[in-house]
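Generate coordinates for the entire structure from the input sequences, incorporating the hints supplied.
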Amino acid sequence: MKKIARASFFPVLAVMLALLIGAVLILIQGKNPVLAYGFLLQGALGNKGAIAETLVKATPLIFTGLAVTLAYRCGVFNIGAEGQLLLGALGATWAAIYLEVPAFLVLPVSLLAGFLAGGLWGAIPGYLKAKRGLNEIINTILLNYVAIQVVSYFVTGPMKEPPGYFPQSAQVPQAAWLDKILIGTRLHSGLILGLVFAAVVYYFLFHTTYGFSVRLVGTNRDAAEYGGINVPRNFVLAMLLSGGLAGLAGSVEILGVRHRLMNGIASGYGFDGIAVALLGNLHPVGVVIASVFFGVLRTGANTMQRAVGIPASVVGIIQALVIFFVVAAATLKDPSLLRLGRREKGEDKAC
Amino acid sequence: MVTSLLVMKGIVKRFPGLLANDNIDFEVAPGEVHALLGENGAGKSTLMNILSGLYVPDAGEILLRGKRVTITSPKEAIELGIGMVHQHFMLIPAMTAAENIILGLRSPKEPWLGLAEAETRIRALSERYGLSVNPRTKVSELSVGEQQRVELLKALYRDADLLILDEPTAVLTPEEAESLFAIIHRLAGEGATVIFISHKLKEVMRISDRVTILRHGRIIGTVVTAEATSAQLATMMVGREVLFEAFPKSGGGSTVMAVKNVTYVTAEGKKALEGVSFDLRESEVVGIAGVDGNGQSQLARIVTGLLPPASGRIELLGQDMTGKTADCFIRAGVAHIPEDRNKMGLSGDMSIAENLVFKSIDQPPFSSLKGFRLHHAQVREHALKLAGEYDIRSAGVNTFCRNLSGGNRQKVILARELSQTPVVLVAVHPTRGLDVGATDFIHRQIIDARDSGCAVLLISSDLDEVLRLSDRILCIYEGKIMAELSGKEPDLERIGLLMAGKGAEE
Ligand SMILES: Nc1ncnc2c1ncn2[C@@H]1O[C@H](COP(=O)(O)OP(=O)(O)OP(=O)(O)O)[C@@H](O)[C@H]1O
Ligand SMILES: [Mg+2]
Chain A
1 MKKIARASFF
11 PVLAVMLALL
21 IGAVLILIQG
31 KNPVLAYGFL
41 LQGALGNKGA
51 IAETLVKATP
61 LIFTGLAVTL
71 AYRCGVFNIG
81 AEGQLLLGAL
91 GATWAAIYLE
101 VPAFLVLPVS
111 LLAGFLAGGL
121 WGAIPGYLKA
131 KRGLNEIINT
141 ILLNYVAIQV
151 VSYFVTGPMK
161 EPPGYFPQSA
171 QVPQAAWLDK
181 ILIGTRLHSG
191 LILGLVFAAV
201 VYYFLFHTTY
211 GFSVRLVGTN
221 RDAAEYGGIN
231 VPRNFVLAML
241 LSGGLAGLAG
251 SVEILGVRHR
261 LMNGIASGYG
271 FDGIAVALLG
281 NLHPVGVVIA
291 SVFFGVLRTG
301 ANTMQRAVGI
311 PASVVGIIQA
321 LVIFFVVAAA
331 TLKDPSLLRL
341 GRREKGEDKA
351 C
Chain B
1001 MVTSLLVMKG
1011 IVKRFPGLLA
1021 NDNIDFEVAP
1031 GEVHALLGEN
1041 GAGKSTLMNI
1051 LSGLYVPDAG
1061 EILLRGKRVT
1071 ITSPKEAIEL
1081 GIGMVHQHFM
1091 LIPAMTAAEN
1101 IILGLRSPKE
1111 PWLGLAEAET
1121 RIRALSERYG
1131 LSVNPRTKVS
1141 ELSVGEQQRV
1151 ELLKALYRDA
1161 DLLILDEPTA
1171 VLTPEEAESL
1181 FAIIHRLAGE
1191 GATVIFISHK
1201 LKEVMRISDR
1211 VTILRHGRII
1221 GTVVTAEATS
1231 AQLATMMVGR
1241 EVLFEAFPKS
1251 GGGSTVMAVK
1261 NVTYVTAEGK
1271 KALEGVSFDL
1281 RESEVVGIAG
1291 VDGNGQSQLA
1301 RIVTGLLPPA
1311 SGRIELLGQD
1321 MTGKTADCFI
1331 RAGVAHIPED
1341 RNKMGLSGDM
1351 SIAENLVFKS
1361 IDQPPFSSLK
1371 GFRLHHAQVR
1381 EHALKLAGEY
1391 DIRSAGVNTF
1401 CRNLSGGNRQ
1411 KVILARELSQ
1421 TPVVLVAVHP
1431 TRGLDVGATD
1441 FIHRQIIDAR
1451 DSGCAVLLIS
1461 SDLDEVLRLS
1471 DRILCIYEGK
1481 IMAELSGKEP
1491 DLERIGLLMA
1501 GKGAEE
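Just so you know, the protein sequences line up as chains A and B, in that order.
Everything in the first sequence is counted per this note's numbering, starting at 1 for the first residue and increasing by one.
Everything in the second sequence is counted per this note's numbering, starting at 1001 for the first residue and increasing by one.
Wrong hints could be hidden among the right ones.
[Unchecked claim] Here are the simulated lysine-lysine pairs, DSSO-like style, with alpha carbons at most 27 Å apart: (1) B:LYS1075 with B:LYS1009; (2) B:LYS1324 with A:LYS131; (3) B:LYS1370 with B:LYS1385; (4) B:LYS1067 with B:LYS1009; (5) B:LYS1480 with B:LYS1271; (6) B:LYS1370 with B:LYS1324; (7) B:LYS1343 with B:LYS1270; (8) A:LYS131 with B:LYS1343; (9) B:LYS1480 with B:LYS1249; (10) B:LYS1385 with A:LYS3; (11) A:LYS131 with B:LYS1270; (12) B:LYS1260 with B:LYS1502.
[What the hints assert, rightly or not] Restraint ranges, calculated between C-beta atoms of paired labels, are given here: (13) A:ASP179 with B:PRO1364: 34 to 44 Å; (14) B:LEU1103 with A:ILE138: 23 to 33 Å; (15) B:ASN1398 with A:ILE192: 29 to 39 Å; (16) B:ARG1373 with A:ALA170: 36 to 46 Å; (17) A:THR185 with B:PHE1015: 42 to 52 Å; (18) A:LEU13 with B:GLU1076: 19 to 29 Å; (19) B:ARG1444 with A:LEU195: 46 to 56 Å.
These aren't lab readings, by the way, just hints derived from the structure by calculation.
Since this is a predicted model, take the numbers as computed values, not measurements.
Glycine included, every Cβ here is placed at the ideal spot set by N, Cα and C.
Structure representation (structure tokens):
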């Protein structure tokens, strides 16, 4: 209990500060912040449909948040969840449309394809870091742009839906769709899958020796090497799994919501995954909670804009401020976060 | 009696589950060198961190020059003339000495940096206190001793006249320590006051005017150094007599590890090791005597699989191990107490329990299903047992290692390495930073390991330690083994010469 209170102190504080500054911004525009936030909440949680929509938005965030968390725990800063998500979406769509498997296998095979496509996309910067010492932050960012172009190529070329008026793929067969879990809404079983994967990642990190090695590499690479752990292999493994999780984010978005591949499908879920991971204290349970919070912001923003006339971008600012405060608080607690990515990890405490 | 420069009254500092400073009264006279002595985890660093603004005490007051002060940040401490040199330096390697020194200060010539003026002032300070450092050299290119001087200059540049040195000699070679003592004398001569933390009684006896002893977070007493003996101080410190009795020497058995003609060349093209050959035998301690930086680091890493040699062979129980990974060496039973405990030996952001098992995590009882599933209960039980055996003092085995005192961190490493009943133990500075009681304890553990068959390679810059433990002594100089001596009544003078590169046979 005490542990939970301590772990959530800084995230909650960060959210409150961000909302406070957001309120000031709303005031500056001559609007009532209490009213604005009221509409935001109503839009996100006011009725069954709103709640469902919030959870629909939270679902891919759970996956990308887990992706960033897993890599970060290994000391790898994965900024490329956005691109891995896109590749995952591509892989899942391709498998669902073109692979000929029995109907009951279409869905699992599509998910697997999405996982693998995202995983391999993530493994590239993982491998480059492990074998060549190249900075994963730069490589994952760059691969995001490549991923956007790859998807664009496929939806305007090889995978374009006949007769070919729109840059989008054909619809994936019904057999590949994730079931709706709340009638009359878009909420689909991807959410349940997300919760299952949160549990899996938790188990992996804290109850397996592989997770133990990942955490040792992430907290002190030199100690891991000294302890006989194959550090490069852990980098590749972590990025493979991380990319796979991000790939699943894209897969569930396709199979649960969009049902076809098109440009712009990632819509920032990959980048928000970084914020979700940090706000969630790099812990799977925290990630789930933070995902729902970001889902609320995404869903409620439009209602707020319509009702009070404040641009939805205020919500973007609030999101950015949350990240800012979370990182600031984290570095207060643990200065080593500032040094992430630097090879030498000495100690900072005097003794 | 002279009025005190500093009075700390009733200082209390609590950490979760632990009372680090328990109602401490501490007083320092102006211009004196005051030593602070105490076991590992006694609370010395904590008390000094309070003084330098890193920690805020839970109770108590501080009087400086008769005035009551509250120090809530390092900046305020500096404004009050208090400067601290931490055991782990806080310098930025990519910047020059001068840049590090002026970091965080306002330039008198804003918006310009005023580096030239700063350098002039630094040179003047260097001159005055005998702290020779080139202000233009990058910190990454400075030796440990020079880096420490930069830290000192940093404090002096900010006009500190109360200097706190937390275990400054733990990382220095004997020569560097000598020059530090000269500097401390100069400082005291110029009117500065120095608080000096050390576990080495010899140093304390030599350098200090008075000594205050801490135990379990409480003050045991303050004595005038000239009126005390080191045996007395040791007794006050650990609460019992510490007898450094001699160990019986051992003859050794069959060869366990053979190092054959090993050479290593650094990235800069310097020969760090040249044609090094020796055997480690069953039930025997081989000590490497030498001044730090003569190839010992590379040797330790090569015989534990962390560094492949440029040429030569390592054999373990007749098997060729050259080029094998560290993992293979660990599995074959080679234990390693590494040189730098914080950088390599421990992960500060993991718990004591986790640090105690990270080399054997894939084995039962810590995991099952071929090293898949982790068993937290067993890991914890193991940790509780070792924490008891090795007297690791903390708020509990779930404490992050970063929150341990220096000595207790070392005990975690020792416990992990020795509890595996190793075939070979490579121990590098095993008691660096440990108090006398703990040092004696570790020495006994090493001898126990030897007596139960372990082959020990001891690398230490502390000659007393090498002499006390070794059955055979190898002198190393510039990467070459100069000579081998018996550990029984070795010729000290000869060792001294050999370590300086003189007097080798042939
Ligand atoms: N930030 C912290 N959080 C929790 N416990 C701490 C923290 N800092 C120190 N401690 C604990 O307080 C006690 C006193 O530590 P301190 O570093 O002052 O010891 P010390 O006398 O300097 O020992 P050493 O000679 O080993 O350096 C230790 O048991 C240590 O584990
Ligand atoms: Mg200390």
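Now for the hints, and whether the structure bears them out:
{"no.": "1", "hint": "B:LYS1075 with B:LYS1009", "in the structure": "holds (22 Å)"}
{"no.": "2", "hint": "B:LYS1324 with A:LYS131", "in the structure": "holds (18 Å)"}
{"no.": "3", "hint": "B:LYS1370 with B:LYS1385", "in the structure": "holds (24 Å)"}
{"no.": "4", "hint": "B:LYS1067 with B:LYS1009", "in the structure": "holds (13 Å)"}
{"no.": "5", "hint": "B:LYS1480 with B:LYS1271", "in the structure": "holds (10 Å)"}
{"no.": "6", "hint": "B:LYS1370 with B:LYS1324", "in the structure": "holds (23 Å)"}
{"no.": "7", "hint": "B:LYS1343 with B:LYS1270", "in the structure": "holds (24 Å)"}
{"no.": "8", "hint": "A:LYS131 with B:LYS1343", "in the structure": "holds (22 Å)"}
{"no.": "9", "hint": "B:LYS1480 with B:LYS1249", "in the structure": "holds (25 Å)"}
{"no.": "10", "hint": "B:LYS1385 with A:LYS3", "in the structure": "holds (25 Å)"}
{"no.": "11", "hint": "A:LYS131 with B:LYS1270", "in the structure": "holds (26 Å)"}
{"no.": "12", "hint": "B:LYS1260 with B:LYS1502", "in the structure": "holds (24 Å)"}
{"no.": "13", "hint": "A:ASP179 with B:PRO1364: 34 to 44 Å", "in the structure": "holds (43 Å)"}
{"no.": "14", "hint": "B:LEU1103 with A:ILE138: 23 to 33 Å", "in the structure": "holds (28 Å)"}
{"no.": "15", "hint": "B:ASN1398 with A:ILE192: 29 to 39 Å", "in the structure": "holds (33 Å)"}
{"no.": "16", "hint": "B:ARG1373 with A:ALA170: 36 to 46 Å", "in the structure": "holds (44 Å)"}
{"no.": "17", "hint": "A:THR185 with B:PHE1015: 42 to 52 Å", "in the structure": "holds (50 Å)"}
{"no.": "18", "hint": "A:LEU13 with B:GLU1076: 19 to 29 Å", "in the structure": "holds (25 Å)"}
{"no.": "19", "hint": "B:ARG1444 with A:LEU195: 46 to 56 Å", "in the structure": "holds (54 Å)"}
The structure fails none of the hints (numbered hints given earlier).
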